[in-house]
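Protein chains in written order, with the working numbering: chain A, 9 to 401; chain B, 0 to 371.
Check the hints yourself; a few may be wrong.
As the list claims (entries may be wrong) - Which residues of chain B face chain A? A few of them, derived with a C-beta cut under 10 Å, are: (1) T248; (2) K271; (3) D276; (4) A315; (5) L362.
Honestly, the hints are just simulated from the structure, not real lab data. Just so you know, even glycine gets a beta-carbon here, dropped at the ideal spot from N, CA and C.
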Amino acid sequence: MIDIDPSTSLAEVAARARAWIEENLPSGWPVDRARLEADWYVLLGDSGLATPTWPREHGGLGVAADAAALIADELARHDAGRPMTDFPGVALGGPTIIAWGTDEQKERFLRPLATARERWCQLFSEPGAGSDLASLSTRAVQQEDGSWRISGQKVWSSFAHISDFGLLMARTNQDVPKHRGITYFLLDMRLPGVDARPLKQLNGAAEFNEVFLDDVVVPDSARLGPVDEGWRVGITTLMAERSGLSGRPGVGPALTDALARRAREVGAWDDAAQRDRLVEAHVAEKVLQMTTIRAFVELGTREPGAEGSIRKIAHSDLEERVARLGAEIDPFGLVAGTADAAEATHEFLSAKILSIAGGTSEIQRNIIGERVLGLPRETDPHVDKPFRERPRG
Amino acid sequence: MSTTPFDWSDDQQEIRSLLRKKFATSSGTEIARAALEAGEDTGAAARWLELSAEIGLAGLTLPESVGGMGTGRVELAIVGEEMGRALVGGPYLSTVVLAAEAIVRSGDEDAAQAVLPSVAEGTTTLALAVAETSAAWTEPTTRHTDGRLTGRKQGVVGLPGADVLVVSAVDADGHTSLYLVDTAAEGVAVTPTPGIDPTRPVATVDLDGAVARPLGRPGRAHEVLAFVRENAAIFLAAEQAGGSRTCVTVTAEYARTRIQFGQPIGTFQGVKHRLADMEVRTAQAHSAAVWAAWQTPGSPEAALGADVARSWNSRAYLQNAFDTIQLHGGIGITWEHDAHLYLRRAQADAALLGPLSAEHQRLAANLGTESA
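Generate the whole structure from the sequences, applying the supplied hints.
So, in structure tokens, the structure goes:
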């Protein structure tokens, strides 16, 4: 394990992480990445650098969010960090298992997560439970021997088709109101009855999936947290997700700098109106960076709370704005399909993803209104009814 | 002091809570309303003296060599946020943020020793007279000849009331320099021109052969004023963040208690979501002002921070002030409700240093020129 602990100064954290990466990164990286990455991720995981905020007894370094961000920066600088496909596992699964798991579950799952031996996905949303996630209807019924039989359909599950495990919420009690009859499971995606089918997105990529669960039987040891209290477990995952989808804590060149560079290349920079729109997007990006730094300092080692919704809205607004500006500064390129406009076309078609994924901006505004500003909750007229009496559509 | 932005020291937190407590009982909105109706704020000097004597407000960020406490921009931003929250006005901006900063940055020790000790005590207040025909600090036409100044300065914040002015002028050699002028001196005429924000007086100053003492070396006005502008941009951004925060607090409280259609209006998404957007703006305005305050004065980071904070926070406060009125409905557009007092401050803060195009031009100059 690398010599970094909660008492190490931030400057030292960055210096030691950099030195360790440079000493240990195999020669031939990143060109020969495909051949080298499995071994590298084991080395990285064992060093603690892949999961710096995890407690030391679980293979992490126990450091606060700001130190972890510096480590992530160093890894990004060497293009040596874990890919986005590992985000659900490392950023969401790990913290949820650490908060709620039994000793056996931590022992079984955390090291393979840290060393990229197993990939995870999230099985939360359903065709009938999107923004109203707590109305999910995938059912888990306990058998005589204590095992659970699970059936239902999940959707928008990123990387489910290439995952080993899934973070699953299922209905275990229909006789209580919606939030009180959910249980959380760690589902082995290789079990019979699990069928993940990639869904093609509007940008042509197929990153997320619909997942069909047909009489999948899991042992009781796959349950995370108490029976019927899975909503609370799920909140841990959701908070980590909002905070995690909010960008890097550093003030430096980012999306709008690249956009301005392209605007200078294609000549749009000479148009004062377009230039000013770019500068305004730049200002928005800077204040988000500053806000993310603040969030990481204020967060320390606590779990993220409702304030993550503020950054998630700001981040998705920015992504959308940048994607649209990217199309605006080179309109002909997108229409004519010129080679150097391919990326801008892809970004443009991806513009709306972040404001919907991980909870829509409307839901985030409800969260800010209700949990940050103390406004009255949105009324669900059936909130106190047993789940089985709820209208569903 | 910690070099990590947002890593507040115990002293800094104490200053904030002291100011918040003090300003909570200082009836900022009542004073603003009275000043608006009377056309002047007659109690300003007495309150300033009291604040300076009681909590050392005037001297907080001034150097220890002139009797100040020697703190820096982080503390300045704390004062700004708390003044913005409580709508406190008075001589702080003109005296400490603008004119005293010019005296300190001029490097003129004699001038500092002559003027600043009584400023730190709260017995002398200052104003910066550099704007002439626009709020942007363009090249002055005021002339300096044989130790005397002649010209007109407009939009001078802190007048009537200030005892000493820091004035920009061009001398016979064509150098733009700074000078100190006593407002009581012969050849100084002050005409009040009450602006949109009643919490800080504004006036036109006509100088007709007024005796002036040079401040710092000749020809250094632009260099000194660049520091002053950065200082003011960060202070105002903090004030805007504080004002935005009060808009959110006041409006959320109203949305929790105002009943229509049998329920608090904050239940409705049309209201809730507008308020959420106000919060998103405000949270980021606070980050921007504080981050900027934490950078080394005069560094590229401080310049970036000041420009970004000025741009974001100016719009944030204005939009929040407008949204506060919108969400209060009919009562929001009355003279009787305080919402317009925040709107007035928001517009004054946004306009004080000239149009935002200057900030945007500076930001554009560096944008997309470095490799990622």
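Under the constraints set out in the numbered hints, which ones does this structure not fulfil? No numbers; nothing is violated.
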